[in-house]
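Colleague: Could you build all of it, start to finish, from the sequences and the hints given here?
Top to bottom, those sequences are chains P and U. The letter at position 421 of the first sequence is residue 421 when you use my numbering, and the numbering goes up by one with no holes. The letter at position 356 of the second sequence is residue 356 when you use my numbering, and the numbering goes up by one with no holes.
Hints were generated in silico from the structure; no laboratory data involved. Mixed in with the good hints, there may be bad ones.
Pairs count within a copy or across copies, as identical chains cannot be separated in the list.
Claimed, not checked - DSS-like mimics (lysine-lysine), calculated; alpha carbons at most 25 Å apart, straight line:
no., residue 1, residue 2
1, Lys116, Lys97
2, Lys346, Lys392
3, Lys436, Lys457
4, Lys383, Lys346
5, Lys456, Lys386
6, Lys456, Lys116
7, Lys392, Lys222
8, Lys345, Lys455
9, Lys56, Lys6
10, Lys457, Lys93
11, Lys97, Lys457
12, Lys2, Lys483
13, Lys436, Lys93
14, Lys222, Lys410
15, Lys93, Lys289
16, Lys436, Lys410
Number of protein chains: 2
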Amino acid sequence: MKLKAKILDLESPMRQIALNVVDGRELGLNPGDRVRVISSGGTTTATVEFSDTLVKQGEVALFENLAEELAASPGDEVEVMPTERPESVEYIKKKMKGERLSSDEILSIIRDITSKRLTDIELTAYVVSNEINGMSMEEVEYLIDAMVETGERIYFDSSPIMDHHSVGGVPGNKITLIIVPIVAAAGLKIPKTSSRAISSASGTADTFEVLAPVELTAEQIKNQTESVGGTIAWGGTVGLAPADDIIIRVEYPLSLDPYAQVLASVLSKKKAVGAEYLLMDIPMGPETKVESAQEARRFARDFITLGSRIGIHVECAITYGGQPIGRAVGPALEAREALMALEGKKVPNSLWEKSTTLAGYMLEMGGIVRPGEGKTMAEELVKSGKALDKMKEIIQAQGGNPDVTSEDIKVGKYTCEITALEEGYVEGVSNRTVVKIARAAGAPYDKGAGVEIFKKKGNRIERGEVLLRIYSDHQWKLDRACKLARKHTPVRIEGMILERVPRIHSHD
Amino acid sequence: MKLKAKILDLESPMRQIALNVVDGRELGLNPGDRVRVISSGGTTTATVEFSDTLVKQGEVALFENLAEELAASPGDEVEVMPTERPESVEYIKKKMKGERLSSDEILSIIRDITSKRLTDIELTAYVVSNEINGMSMEEVEYLIDAMVETGERIYFDSSPIMDHHSVGGVPGNKITLIIVPIVAAAGLKIPKTSSRAISSASGTADTFEVLAPVELTAEQIKNQTESVGGTIAWGGTVGLAPADDIIIRVEYPLSLDPYAQVLASVLSKKKAVGAEYLLMDIPMGPETKVESAQEARRFARDFITLGSRIGIHVECAITYGGQPIGRAVGPALEAREALMALEGKKVPNSLWEKSTTLAGYMLEMGGIVRPGEGKTMAEELVKSGKALDKMKEIIQAQGGNPDVTSEDIKVGKYTCEITALEEGYVEGVSNRTVVKIARAAGAPYDKGAGVEIFKKKGNRIERGEVLLRIYSDHQWKLDRACKLARKHTPVRIEGMILERVPRIHSHD
Numbered sequence: 001m002k003l004k005a006k007i008l009d010l011e012s013p014m015r016q017i018a019l020n021v022v023d024g025r026e027l028g029l030n031p032g033d034r035v036r037v038i039s040s041g042g043t044t045t046a047t048v049e050f051s052d053t054l055v056k057q058g059e060v061a062l063f064e065n066l067a068e069e070l071a072a073s074p075g076d077e078v079e080v081m082p083t084e085r086p087e088s089v090e091y092i093k094k095k096m097k098g099e100r101l102s103s104d105e106i107l108s109i110i111r112d113i114t115s116k117r118l119t120d121i122e123l124t125a126y127v128v129s130n131e132i133n134g135m136s137m138e139e140v141e142y143l144i145d146a147m148v149e150t151g152e153r154i155y156f157d158s159s160p161i162m163d164h165h166s167v168g169g170v171p172g173n174k175i176t177l178i179i180v181p182i183v184a185a186a187g188l189k190i191p192k193t194s195s196r197a198i199s200s201a202s203g204t205a206d207t208f209e210v211l212a213p214v215e216l217t218a219e220q221i222k223n224q225t226e227s228v229g230g231t232i233a234w235g236g237t238v239g240l241a242p243a244d245d246i247i248i249r250v251e252y253p254l255s256l257d258p259y260a261q262v263l264a265s266v267l268s269k270k271k272a273v274g275a276e277y278l279l280m281d282i283p284m285g286p287e288t289k290v291e292s293a294q295e296a297r298r299f300a301r302d303f304i305t306l307g308s309r310i311g312i313h314v315e316c317a318i319t320y321g322g323q324p325i326g327r328a329v330g331p332a333l334e335a336r337e338a339l340m341a342l343e344g345k346k347v348p349n350s351l352w353e354k355s356t357t358l359a360g361y362m363l364e365m366g367g368i369v370r371p372g373e374g375k376t377m378a379e380e381l382v383k384s385g386k387a388l389d390k391m392k393e394i395i396q397a398q399g400g401n402p403d404v405t406s407e408d409i410k411v412g413k414y415t416c417e418i419t420a421l422e423e424g425y426v427e428g429v430s431n432r433t434v435v436k437i438a439r440a441a442g443a444p445y446d447k448g449a450g451v452e453i454f455k456k457k458g459n460r461i462e463r464g465e466v467l468l469r470i471y472s473d474h475q476w477k478l479d480r481a482c483k484l485a486r487k488h489t490p491v492r493i494e495g496m497i498l499e500r501v502p503r504i505h506s507h508d
Numbered sequence: 001m002k003l004k005a006k007i008l009d010l011e012s013p014m015r016q017i018a019l020n021v022v023d024g025r026e027l028g029l030n031p032g033d034r035v036r037v038i039s040s041g042g043t044t045t046a047t048v049e050f051s052d053t054l055v056k057q058g059e060v061a062l063f064e065n066l067a068e069e070l071a072a073s074p075g076d077e078v079e080v081m082p083t084e085r086p087e088s089v090e091y092i093k094k095k096m097k098g099e100r101l102s103s104d105e106i107l108s109i110i111r112d113i114t115s116k117r118l119t120d121i122e123l124t125a126y127v128v129s130n131e132i133n134g135m136s137m138e139e140v141e142y143l144i145d146a147m148v149e150t151g152e153r154i155y156f157d158s159s160p161i162m163d164h165h166s167v168g169g170v171p172g173n174k175i176t177l178i179i180v181p182i183v184a185a186a187g188l189k190i191p192k193t194s195s196r197a198i199s200s201a202s203g204t205a206d207t208f209e210v211l212a213p214v215e216l217t218a219e220q221i222k223n224q225t226e227s228v229g230g231t232i233a234w235g236g237t238v239g240l241a242p243a244d245d246i247i248i249r250v251e252y253p254l255s256l257d258p259y260a261q262v263l264a265s266v267l268s269k270k271k272a273v274g275a276e277y278l279l280m281d282i283p284m285g286p287e288t289k290v291e292s293a294q295e296a297r298r299f300a301r302d303f304i305t306l307g308s309r310i311g312i313h314v315e316c317a318i319t320y321g322g323q324p325i326g327r328a329v330g331p332a333l334e335a336r337e338a339l340m341a342l343e344g345k346k347v348p349n350s351l352w353e354k355s356t357t358l359a360g361y362m363l364e365m366g367g368i369v370r371p372g373e374g375k376t377m378a379e380e381l382v383k384s385g386k387a388l389d390k391m392k393e394i395i396q397a398q399g400g401n402p403d404v405t406s407e408d409i410k411v412g413k414y415t416c417e418i419t420a421l422e423e424g425y426v427e428g429v430s431n432r433t434v435v436k437i438a439r440a441a442g443a444p445y446d447k448g449a450g451v452e453i454f455k456k457k458g459n460r461i462e463r464g465e466v467l468l469r470i471y472s473d474h475q476w477k478l479d480r481a482c483k484l485a486r487k488h489t490p491v492r493i494e495g496m497i498l499e500r501v502p503r504i505h506s507h508d
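Modeller: Set out below in structure tokens:
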């Protein structure tokens with residue numbers, strides 16, 4: 001049925017159109033049914049809704065995001081037709097039954113995900129089946145190939161192309177802002193793409209965005225990497241393995257991370273960006289993604305195996321993730337701390353050690369130094385100011401102000417402090433609670449919001465000393481965050497005396 | 001945040017509101033996030049969308065179905081707040097991990113489904129986990145209890161209360177329209193609720209609606225059953241075990257029917273309607289829900305076991321479902337054939353035998369006749385005209401015309417016939433293809449649309465004889481259906497000579 005387009009100013013993550021109820025019935029449709037929508041600017045699949053008055057007969061109302069995708073303007077002719085459920089749903093059901101999928105079947109699923117032919121219901125069925133029934137290494141390899149094939153790809157003319165990735169789950173992990181300039185300063189190429197926060201307080205892309213724009217195209221990443229040596233871009237706009245971003249949309253509300261999908265997600269993005277040498281950071285500890293050494297080793301082994309299957313040399317570092325890295329959590333606070341490290345100022349040891357050690361591994365993997373000498377060279381590159389210079393080049397190339405210093409970074413102007421109610425030793429800092437507080441304060445959307453942690457595991461603390469400072473751009477969000485922090489202090493303090501056993505006087 | 005309501009004239013199966021983007025960001029929301037919506041008329045959970053212009057700051061646009069549910073009018077004050085994911089999502093994840101759920105956990109899930117706190121994504125996760133990991137008999141019992149508890153219930157003062165149910169999957173199964181009047185004519189009470197077609201050509205509710213309205217309340221079902229002896233109502237409006245109807249919404253697009261959910265779906269509706277004696281019809285054969293005898297017996301055993309756990313005496317009949325029952329498929333055609341049977345006119349043996357046998361079982365279960373004598377009595381009740389009289393009473397009680405005869409029923413005025421291209425014997429009639437053709441012709445929405453099948457399995461057929469006649473209310477739908485029927489004839493004909501093996505003359 002050919003209809004006249006109107007645009008409905010509604011931003012929705014779902015793909016919806018609305019028809020007049022008469023036209024809808026004429027097409028044999030019910031609200032919620034799947035339709036194919038064809039305009040001169042594109043073709044897509046959407047869910048249909050009915051209207052008596054908002055949409056007249058002969059009209060089709062396109063939700064904003066859909067109109068954009070179809071490049072449709074009001075008055076354009078748009079064709080709407082009922083459509084069958086795609087074949088890939090049968091393959092999803094096959095996985096539901098616990099069967100293995102062929103390379104073609106996986107490609108069919110990923111193609112339909114990428115071209116947005118699957119509904120949320122079908123997408124969820126895929127994710128849950130994958131979570132329960134898992135995938136063999138062979139299937140994951142097919143999955144990676146399919147995810148790479150259905151998106152943009154960058155091919156470099158020179159070699160080696162370096163990359164690193166952190167499995168995540170530990171707050172304050174701003175190491176990328178230190179590692180990338182070190183690696184690039186050593187003359188290696190590192191086209192780093194990062195994610196924005198989904199459930200964390202700040203993704204690397206959110207943090208670097210405090211210093212420069214992060215929305216680059218694949219071509220910009222290639223050119224900048226070739227000229228400057230590195231990028232710190234947001235992966236979301238590049239179009240590398242785009243299926244992943246769509247899948248995440250249903251994983252997030254269920255807090256699901258099917259193992260096969262995690263492996264494929266990382267490696268497909270790295271393959272698509274042209275990486276040849278990949279250093280994986282696998283933070284391990286309570287309240288991270290990877291809680292046990294066994295699990296961490298399984299991850300490492302599988303990353304290495306899959307890497308060699310798809311032509312990427314992978315090395316893995318299992319790192320301590322039981323509490324936040326460094327002191328700062330939240331976009332501006334983390335950007336400031338990373339700049340301080342590059343400026344040679346004093347930063348917490350946890351941040352310095354982790355960043356320079358991992359950067360050092362990459363220098364060794366890239367053949368710049370002999371094994372065992374990487375960390376020293378990484379430290380040298382910072383101390384000599386070369387890493388900071390490289391950082392400024394990267395900031396400038398991405399359109400930021402290269403003269404920025406750590407003192408220029410604006411953090412939230414509303415602050416409050418949480419102090420110790422008793423003396424003792426810090427037994428631990430809860431990753432999860434720190435993130436909750438930072439998010440309550442407005443992170444990651446309010447760049448200035450976040451938390452600074454002054455006492456970490458093993459530190460001695462006196463009554464009244466400051467444990468953390470909370471920053472926010474809004475008074476009401478600060479109040480909310482402080483209330484939360486007072487109720488659930490993320491810094492656990494334990495006195496040295498665990499229990500006093502009184503001496504019992506026996507009168508017998 | 002308190003906002004002024006406006007109503008968005010959009011009928012959607014999803015629960016959506018739209019906020020101005022400024023208010024949305026202020027609340028810390030993203031499009032697609034979950035919100036709690038509170039009006040003076042009710043409270044519910046919805047998904048949020050953003051708008052720049054359609055919704056002004058200070059306003060909230062409620063999609064039509066949501067406004068109805070909240071009993072909200074334009075200008076009303078409505079509160080919108082971000083809301084956490086309900087606890088039941090954790091129990092769904094527990095089932096995803098293959099663990100058993102407690103009675104409280106299952107109740108929590110079903111309560112959140114019924115009060116529409118779960119999104120499609122969460123609902124799908126529940127259904128898929130159930131499909132893959134299954135449920136123990138104990139869990140199914142909890143599920144039934146939870147589904148009964150979260151809806152309307154009917155309590156009768158007298159006993160026995162009879163009921164029957166068909167597991168479905170076989171087209172033309174209009175037996176309820178014959179069984180209910182027989183059982184009620186014998187003095188038994190049968191508060192029958194039925195479903196509308198989801199993927200079939202006509203549900204019993206669609207078929208009976210040709211004769212009388214089917215949208216009764218629980219109270220009407222009770223009163224009519226007590227005064228007339230029976231009802232044939234649509235289960236969808238009664239509010240018995242309403243969780244089921246919500247769950248079906250995500251099962252249907254995936255063609256999923258988790259075994260535990262099927263058991264619970266049937267038995268919860270029967271428990272809620274007050275049934276004490278239940279006869280299950282389990283059609284078995286190719287292209288039905290139950291394809292093997294083993295599966296049919298498992299179903300029967302589990303229905304009986306669960307019935308005794310929840311206080312319903314269940315008996316099961318495994319019936320032949322390998323081809324359509326009777327001749328007619330489609331709402332009006334089926335209503336006409338059922339009336340013909342009650343009027344004592346000649347109907348296909350498959351319909352007559354099945355209806356009177358099952359009705360006979362119910363007369364025996366209800367203690368009206370001795371075992372083995374039910375079928376004879378059922379046939380007597382038809383022959384004497386008592387069943388037809390009772391049918392007229394039921395039609396009248398539900399607001400239809402009691403004087404209707406089979407000749408009055410209007411069927412589609414556009415027809416075409418499919419004839420045999422060759423002679424031979426009918427090897428089988430495809431359930432699935434018959435349904436596809438009837439739906440292409442407009443069933444179940446166009447009441448007059450459907451198919452009449454003149455040749456069934458084992459029948460001798462000559463070239464040029466009519467195999468089926470297709471009916472439609474619209475010429476274009478008829479054309480579509482006939483094209484489909486000519487391409488995929490549902491009646492498979494096999495010549496008696498299977499293969500001709502020519503004699504080979506050897507010249508050696």
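Colleague: A separate judgement is required for each hint: does it hold in the structure or not?
Modeller: Checked hints:
1. Lys116 with Lys97: within (24 Å within a copy, 28 Å between copies)
2. Lys346 with Lys392: Classified as within; 20 Å inside a copy, 92 Å across copies.
3. Lys436 with Lys457: Within one copy only: 19 Å inside, 67 Å across.
4. Lys383 with Lys346: Classified as within: same-chain Cα gap 12 Å, cross-chain 100 Å, threshold 25 Å.
5. Lys456 with Lys386: neither (31 Å within a copy, 86 Å between copies)
6. Lys456 with Lys116: neither (46 Å within a copy, 43 Å between copies)
7. Lys392 with Lys222: Within one copy only: 18 Å inside, 79 Å across.
8. Lys345 with Lys455: For Lys345 and Lys455, the Cα distance is within 25 Å only inside one copy (19 Å; across copies 90 Å).
9. Lys56 with Lys6: both (10 Å within a copy, 19 Å between copies)
10. Lys457 with Lys93: neither (48 Å within a copy, 32 Å between copies)
11. Lys97 with Lys457: neither (46 Å within a copy, 33 Å between copies)
12. Lys2 with Lys483: Result: close only across copies, 23 Å inter versus 56 Å intra.
13. Lys436 with Lys93: between (37 Å within a copy, 22 Å between copies)
14. Lys222 with Lys410: neither (31 Å within a copy, 70 Å between copies)
15. Lys93 with Lys289: between (28 Å within a copy, 17 Å between copies)
16. Lys436 with Lys410: Classified as within; 22 Å inside a copy, 65 Å across copies.
Hints 5, 6, 10, 11 and 14 from the earlier list are contradicted by this structure; the remaining hints agree with it.
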